[in-house]
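Undergrad: Residue strings, one per chain:
Protein chains: 2
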Amino acid sequence: MSKKAVILVSGGLDSTTVLSMALAQGYDCYTLSFDYGQRHRSELDSAQRVSDSAAVVEHKVVKLDLGTIGGSALTDAAIDVPEHETTGIPVTYVPARNTVFLSIALGWAEVLGANDIFLGVNAVDYSGYPDCRPDYISAFESMANLATKAGVEGQRLRIHAPLMTMTKADIVEAGLALGVDYSQTVSCYQASQEGLACGKCDSCRLRSQGFIEAGVKDPTRYQNKA
Amino acid sequence: MSKKAVILVSGGLDSTTVLSMALAQGYDCYTLSFDYGQRHRSELDSAQRVSDSAAVVEHKVVKLDLGTIGGSALTDAAIDVPEHETTGIPVTYVPARNTVFLSIALGWAEVLGANDIFLGVNAVDYSGYPDCRPDYISAFESMANLATKAGVEGQRLRIHAPLMTMTKADIVEAGLALGVDYSQTVSCYQASQEGLACGKCDSCRLRSQGFIEAGVKDPTRYQNKA
Numbered sequence: 001m002s003k004k005a006v007i008l009v010s011g012g013l014d015s016t017t018v019l020s021m022a023l024a025q026g027y028d029c030y031t032l033s034f035d036y037g038q039r040h041r042s043e044l045d046s047a048q049r050v051s052d053s054a055a056v057v058e059h060k061v062v063k064l065d066l067g068t069i070g071g072s073a074l075t076d077a078a079i080d081v082p083e084h085e086t087t088g089i090p091v092t093y094v095p096a097r098n099t100v101f102l103s104i105a106l107g108w109a110e111v112l113g114a115n116d117i118f119l120g121v122n123a124v125d126y127s128g129y130p131d132c133r134p135d136y137i138s139a140f141e142s143m144a145n146l147a148t149k150a151g152v153e154g155q156r157l158r159i160h161a162p163l164m165t166m167t168k169a170d171i172v173e174a175g176l177a178l179g180v181d182y183s184q185t186v187s188c189y190q191a192s193q194e195g196l197a198c199g200k201c202d203s204c205r206l207r208s209q210g211f212i213e214a215g216v217k218d219p220t221r222y223q224n225k226a
Numbered sequence: 001m002s003k004k005a006v007i008l009v010s011g012g013l014d015s016t017t018v019l020s021m022a023l024a025q026g027y028d029c030y031t032l033s034f035d036y037g038q039r040h041r042s043e044l045d046s047a048q049r050v051s052d053s054a055a056v057v058e059h060k061v062v063k064l065d066l067g068t069i070g071g072s073a074l075t076d077a078a079i080d081v082p083e084h085e086t087t088g089i090p091v092t093y094v095p096a097r098n099t100v101f102l103s104i105a106l107g108w109a110e111v112l113g114a115n116d117i118f119l120g121v122n123a124v125d126y127s128g129y130p131d132c133r134p135d136y137i138s139a140f141e142s143m144a145n146l147a148t149k150a151g152v153e154g155q156r157l158r159i160h161a162p163l164m165t166m167t168k169a170d171i172v173e174a175g176l177a178l179g180v181d182y183s184q185t186v187s188c189y190q191a192s193q194e195g196l197a198c199g200k201c202d203s204c205r206l207r208s209q210g211f212i213e214a215g216v217k218d219p220t221r222y223q224n225k226a
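Residue numbers (this note's numbering), protein chains in the order written: chain A, 1 to 226; chain B, 1 to 226.
Calculated from the structure, these hints are not laboratory results.
Hints may contain errors.
Using 27 Å as the maximum straight-line C-alpha spacing, the simulated DSS-like pairs for lysine-lysine come out as follows [unchecked claim]: (1) A:K4 with A:K60; (2) A:K149 with A:K4; (3) A:K149 with B:K200; (4) A:K200 with B:K149; (5) B:K217 with B:K200; (6) A:K63 with B:K63; (7) B:K4 with B:K63; (8) A:K200 with A:K217; (9) A:K149 with A:K60; (10) A:K149 with A:K217; (11) B:K149 with B:K217; (12) A:K4 with A:K63; (13) A:K3 with A:K60; (14) B:K63 with A:K60; (15) A:K149 with A:K3; (16) A:K149 with B:K63; (17) B:K60 with A:K60; (18) B:K60 with A:K63; (19) B:K217 with B:K4; (20) B:K4 with B:K60; (21) B:K149 with B:K3; (22) B:K60 with B:K3; (23) B:K217 with A:K63; (24) B:K149 with B:K63.
Using the sequences plus the hints, can you model the full thing?
TA: Rendered as structure tokens:
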């Protein structure tokens with residue numbers, strides 16, 4: 001019997017690894033991305049490319065204007081993306097983003113009859129983001145099981161966050177073992193239209209460090225490199 | 001000290017009553033509506049009208065294409081809105097809609113520094129909708145307090161659903177006591193562009209019954225009436 005899963009994909013390193021894990025577990029994968037007013041719009045091309053090469057059943061892009069509510073460097077051109085390390089909750093945090101994305105994934109899962117949703121949140125690297133913690137994921141899952149027809153009818157919806165306690169190096173190693181081609185992925189918060197990474201933002205720094213710690217060559221295409 | 005609240009408004013009877021309740025409780029009200037691909041787009045005009053006459057601090061409309069995931073008569077032109085009573089979860093149910101709307105309200109609340117979100121869900125009339133039950137609201141609140149900066153920093157976010165156990169007649173009476181002008185509101189699932197109600201869908205039937213039971217004249221503007 002086939003089992004369907006909805007996978008949140010941003011075209012970045014983490015969610016691409018999660019997709020490869022879900023495929024390896026035998027799920028029929030439906031990938032979901034958001035055109036939410038983000039700076040790094042090339043992530044949508046990357047999400048499409050990754051979905052195509054992974055032979056997912058379907059890839060959908062939902063338009064959602066999170067810029068309307070503002071409050072983040074990722075959706076508000078007036079707030080700069082920091083190019084050095086910061087402490088506390090970073091300005092790149094998009095208010096309630098994971099909650100919004102998971103909610104829409106929940107809606108699509110309900111339409112598809114899927115009981116499994118995967119996402120690439122990670123408590124190690126993103127400790128500054130409240131919605132990247134195990135307690136949060138577990139609370140979302142409880143809520144989701146009360147929110148839907150499936151929950152009412154006694155099915156159990158599960159939220160899978162397989163990267164939760166992995167380091168970036170662990171993630172890279174797991175993905176490589178599953179055949180992920182990381183040159184296709186873009187993690188940068190301010191990638192160019194062509195998908196070239198800045199090499200300076202939080203996301204670029206974490207990613208680059210992951211390749212170094214895993215002891216593998218970094219396949220990222222950077223701006224300003226020969 | 002001022003206290004801010006985000007109020008989900010659809011321009012219908014229920015949410016307009018909730019807005020009047022939040023104002024009566026002294027909240028500075030920020031109203032939020034969604035352009036989500038719904039058939040009844042005149043609700044957006046109604047939400048604007050209601051927000052203007054209630055003198056809210058700000059009214060925002062977030063664009064979000066829920067039609068992309070389909071699955072509801074309200075966002076999919078291929079599914080008809082039923083014009084007779086049905087049992088079970090109705091086809092007008094939009095998968096995870098309240099979860100999605102509350103999530104975006106949560107994001108805006110976080111940007112505003114508001115700790116209170118109001119919405120007009122009701123377990124009496126909408127018993128067929130899983131996301132209109134007290135257990136669901138309470139689970140969302142628990143999740144929300146783990147999802148946000150405010151929650152992490154020890155503030156308590158509350159989800160208010162003051163209509164939860166009220167009948168439609170109770171709601172009409174409460175709203176009239178607070179001065180709500182229901183002729184400005186549109187509840188119909190398939191209202192005309194001018195905001196004229198069909199008088200036949202579930203939402204019209206419940207609303208009309210509310211006025212009858214409250215013993216007040218129905219101010220709704222219907223189609224096909226002289």
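Undergrad: Now tell me, hint by hint, if it's right for this structure.
TA: Cross-check of the supplied hints:
1. A:K4 with A:K60: Within the cut-off at roughly 15 Å; holds.
2. A:K149 with A:K4: holds (17 Å)
3. A:K149 with B:K200: Satisfied, since the Cα-Cα distance of roughly 25 Å is no more than 27 Å.
4. A:K200 with B:K149: Holds, at roughly 25 Å.
5. B:K217 with B:K200: holds (18 Å)
6. A:K63 with B:K63: At roughly 8 Å apart (the allowed maximum being 27 Å), K63 of chain B and K63 of chain A satisfy the hint.
7. B:K4 with B:K63: OK: K4 of chain B and K63 of chain B at ~23 Å, within 27 Å.
8. A:K200 with A:K217: holds (18 Å)
9. A:K149 with A:K60: holds (22 Å)
10. A:K149 with A:K217: violated (47 Å)
11. B:K149 with B:K217: Answer violated: K149 of chain B to K217 of chain B is near 47 Å, above 27 Å.
12. A:K4 with A:K63: holds (23 Å)
13. A:K3 with A:K60: holds (18 Å)
14. B:K63 with A:K60: Given that 27 Å is the threshold and the Cα spacing comes to 17 Å, the pair holds.
15. A:K149 with A:K3: holds (18 Å)
16. A:K149 with B:K63: holds (25 Å)
17. B:K60 with A:K60: holds (26 Å)
18. B:K60 with A:K63: holds (17 Å)
19. B:K217 with B:K4: violated (34 Å)
20. B:K4 with B:K60: holds (15 Å)
21. B:K149 with B:K3: The hint holds at about 18 Å.
22. B:K60 with B:K3: Roughly 18 Å separates the two Cα atoms, so the pair holds.
23. B:K217 with A:K63: violated (41 Å)
24. B:K149 with B:K63: holds (24 Å)
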